[in-house]
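Asks: Using the sequences plus the hints, can you model the full thing?
First to last, the protein sequences are chains A and B. Here our numbering is used: the first residue of the first sequence is 5, the next is one more, and so on. Here our numbering is used: the first residue of the second sequence is 5, the next is one more, and so on.
Rather than coming from a laboratory, the hints here were simulated on the basis of the structure. A quick note: this is a predicted structure, and the numbers were derived from the prediction, not measured. Do not take every clue at face value.
Any copy, or any two copies together, can satisfy a pair, since identical chains are not distinguished.
[Said to hold, decoys possible] Below 30 Å or equal to it, Euclidean Cα-Cα: the simulated DSS-like pairs (lysine-lysine) are: (1) LYS166 <-> LYS242; (2) LYS309 <-> LYS173; (3) LYS419 <-> LYS362; (4) LYS166 <-> LYS193; (5) LYS166 <-> LYS309; (6) LYS230 <-> LYS30; (7) LYS173 <-> LYS230; (8) LYS123 <-> LYS173; (9) LYS421 <-> LYS309; (10) LYS193 <-> LYS123; (11) LYS230 <-> LYS264; (12) LYS166 <-> LYS226; (13) LYS123 <-> LYS30; (14) LYS287 <-> LYS317; (15) LYS226 <-> LYS11; (16) LYS264 <-> LYS287; (17) LYS11 <-> LYS421; (18) LYS259 <-> LYS287; (19) LYS309 <-> LYS264; (20) LYS11 <-> LYS362.
2 protein chains.
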Amino acid sequence: MSFELTKSYLEDLSHAIERQDVQSVKLLTEAIHPADIAEILDRLGEYEANFVYGVLPEEVAAETLTHLDEDVLERVLEDLSAEQIADYVDILETDDAADVIAELPDDQQAEVISQLEDKSHSSDISDLLGYEEDSAGGLMAKEFIAVNINWPVNRCVIHMRKQAQDIDKVYSIYVIDDNSELKGTLSLKSMLFASPNSPISEIYMDGVISVEADASNEEVAKIMEKYDLVVLPVVDDKNRLIGRITIDDVIDVIKEEAEKDYQMASGLSDKVESHDSVWSMSKARLPWLLIGMVGGVLGAEVIAKYESQIQLKPELAYFIPLVAAMGGNVGVQSSAIVVQGLANNSIVFRGILGRIGKETLVALFNGLICASVIFGYNFIVGNEQSLAWTVSLALFSVIIFAAIAGTFIPLVLDKYKIDPALATGPFITTVNDVLGLFIYFLIGTIMYGI
Amino acid sequence: MSFELTKSYLEDLSHAIERQDVQSVKLLTEAIHPADIAEILDRLGEYEANFVYGVLPEEVAAETLTHLDEDVLERVLEDLSAEQIADYVDILETDDAADVIAELPDDQQAEVISQLEDKSHSSDISDLLGYEEDSAGGLMAKEFIAVNINWPVNRCVIHMRKQAQDIDKVYSIYVIDDNSELKGTLSLKSMLFASPNSPISEIYMDGVISVEADASNEEVAKIMEKYDLVVLPVVDDKNRLIGRITIDDVIDVIKEEAEKDYQMASGLSDKVESHDSVWSMSKARLPWLLIGMVGGVLGAEVIAKYESQIQLKPELAYFIPLVAAMGGNVGVQSSAIVVQGLANNSIVFRGILGRIGKETLVALFNGLICASVIFGYNFIVGNEQSLAWTVSLALFSVIIFAAIAGTFIPLVLDKYKIDPALATGPFITTVNDVLGLFIYFLIGTIMYGI
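Replies: Laid out in structure tokens, this is it:
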């Protein structure tokens, strides 16, 4: 059952492909789960991947499509005719089928859909393609089991037998009325216990959490997470059942949300992956770098104002990087906690003032420790007392200011409906760099009396 | 169905509690989902939350426990007697029940378990409490439907009717042999189609992905994500079926993994939440701050070496923060992409050299743009040519070095099985700060000929 992708396995496979040895490739890929096949294809070159894909049994080939990374999927599809794609799509569930077709160029999409054998399948897929990719409609599948509230249990079983042909796994049995309006769910338990003639209306569970088709991805994820749902029914604007979303399709949404914050904190303005082009990689990074440059230039202006003091006491320059860096570090730490708290909804209703008060306490403590450590360092290496006091006092002040700014800025952004994650990463670092330098030289001129 | 927690709702509730108006509180909390009740309790003070909890119907009160944040759960449990807790735990599924009991002090755990009415429930829970919290055993529930491979279909139905009493939702029907060994699954579809006397052995699906009870949380998450599973059976070391894990319990694990990287990048060494104590907040941040200080001190040493040059040309000091900050920013950007690529397994087998080559290209491009921009700035404000060339050349070099270091360090850490996320955040910033200063002054002394 469990397959581990090793270097030697890949070498064996590559050699077999080189020899054009179809039989060996078939043997090597036999009884391997489509998710693992997808991983193998991801590790092979284009020619090799297409060779392996070509020898897969139809069912496995179809399922493999749903597990491939976007770029590999594109390459594999390019190598297939519309007929072949249609054969595979015929096997897939509607949501996966729509996802595969969405990857094709527009003209080929129509061609594949027209070639599908099962006409109700093809109309379901066309339907799904009409929804925004990032909405409940774009996530849902058309395969679900629904029974009429007015039927008796035995009619349900007959009906389910018919519907179940198309459905791999039954997560919920939905109860609808004559207008297809969603009324509730029927548990397998109550079905197993009920007598064949009892009406559904007497044994079904009233009320079920659902979303409308135009709800956003994030909304779907939030609802499924909050209510611990494995499957979520989707309705149209008249509350008619039109599909269902299973949680496995939502996990990617949840992960992407978490990763978005990480990328912001790392100074990436776009989702970039390691296989993206050099140009899109540059584009995602330049905005933050330029903001960082603005900060650096402002820092230069601050330092220029104190040029004569530096000429007099050049040792003041020693600790410029320390003070600037610490301000940035503390600011990012504080803002990251706020951003995560906001994402998890754990600080919405609690007061801004309380939050800042607490951050200040933490900063007082950390500031005291850091200031003492650097004072100790300056004492040991024998630097002037004035310098030691300047650095420690500045560091202490900077840590407190940076913590307050790091807490305050994301909260304010959030209040004005701007993504608070913007406040992490280079932005807060830059603000604190400049602020830190200013404080440092101010204290320096006072301590030295220059 | 959908409930929105508003300020005015909370005010109404608070007033009703103040008046000790049980009837109004009951009305206000009627027909609200336990997940929403949990959110309400989270927003109330201790006394208020316990008041509301006290008027909830037994079923709702029990389910609410499974949705509460750890700190609120603790407060609510403190207010309850062992008998009351036992009443609620009797209603919960085994995995949720074990999670609630695990929050109690040791002596109370035994008391609650002894008070449970359903003895098989209580032995299941004790069993679950024996597993590591962060393992498959700690995640699984004991409720599952298993049928014997040697039975005919009609016997299965009778058996399922019996088992289904304890089970809220049936996700999979597992097939086991006489030794309880897991053989495969039975789809509802094949059950609906089979004649009552056909043996299970002829209609079941052979082979099913499972984990052993001592597998880690992360392993469970990886498997369920990769194979798009909604439910995963858990076996003991003899492949005997002992439980099942549903995906909703694994989502937290997946999210925490993603958030861990974010926290590392933000310079937090521990999982901290906004409601943690000042002390644990300080503790999570100090390590990185102290590392940052080491960097700052090293930076000071570098600058000290160039003291006479600064005294001669104090304008060299202007751009210390710019060069240092840009090195840090670029390094974090590069390492973040590598860390995410490693987490998503998308760069394991691809070469390190290729990765570094691509990063260098991106850096060449971004470096050229940033260097030109800052050259333009220096030209416009009328700074000396030597300074303009120094800053631009240094910036260009620093961006390239930082990109290479940011790519190389996490890849090397990963190779030696150290969490590559360590390389993001203050660590890489610090390395690049020092490197940047060194390059800057080296170029400066050459350009100025001092």
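Asks: Next step is simple, just say for each hint if it's right about the structure.
Replies: Hint check:
| no. | hint | verdict |
| --- | --- | --- |
| 1 | LYS166 <-> LYS242 | within (26 Å within a copy, 39 Å between copies) |
| 2 | LYS309 <-> LYS173 | neither (71 Å within a copy, 71 Å between copies) |
| 3 | LYS419 <-> LYS362 | within (20 Å within a copy, 40 Å between copies) |
| 4 | LYS166 <-> LYS193 | both (20 Å within a copy, 9 Å between copies) |
| 5 | LYS166 <-> LYS309 | neither (82 Å within a copy, 83 Å between copies) |
| 6 | LYS230 <-> LYS30 | between (44 Å within a copy, 23 Å between copies) |
| 7 | LYS173 <-> LYS230 | both (23 Å within a copy, 18 Å between copies) |
| 8 | LYS123 <-> LYS173 | within (22 Å within a copy, 33 Å between copies) |
| 9 | LYS421 <-> LYS309 | neither (37 Å within a copy, 48 Å between copies) |
| 10 | LYS193 <-> LYS123 | between (34 Å within a copy, 22 Å between copies) |
| 11 | LYS230 <-> LYS264 | both (20 Å within a copy, 21 Å between copies) |
| 12 | LYS166 <-> LYS226 | neither (34 Å within a copy, 35 Å between copies) |
| 13 | LYS123 <-> LYS30 | neither (33 Å within a copy, 52 Å between copies) |
| 14 | LYS287 <-> LYS317 | neither (42 Å within a copy, 36 Å between copies) |
| 15 | LYS226 <-> LYS11 | between (40 Å within a copy, 20 Å between copies) |
| 16 | LYS264 <-> LYS287 | both (16 Å within a copy, 26 Å between copies) |
| 17 | LYS11 <-> LYS421 | between (49 Å within a copy, 18 Å between copies) |
| 18 | LYS259 <-> LYS287 | both (23 Å within a copy, 28 Å between copies) |
| 19 | LYS309 <-> LYS264 | neither (39 Å within a copy, 42 Å between copies) |
| 20 | LYS11 <-> LYS362 | between (52 Å within a copy, 24 Å between copies) |
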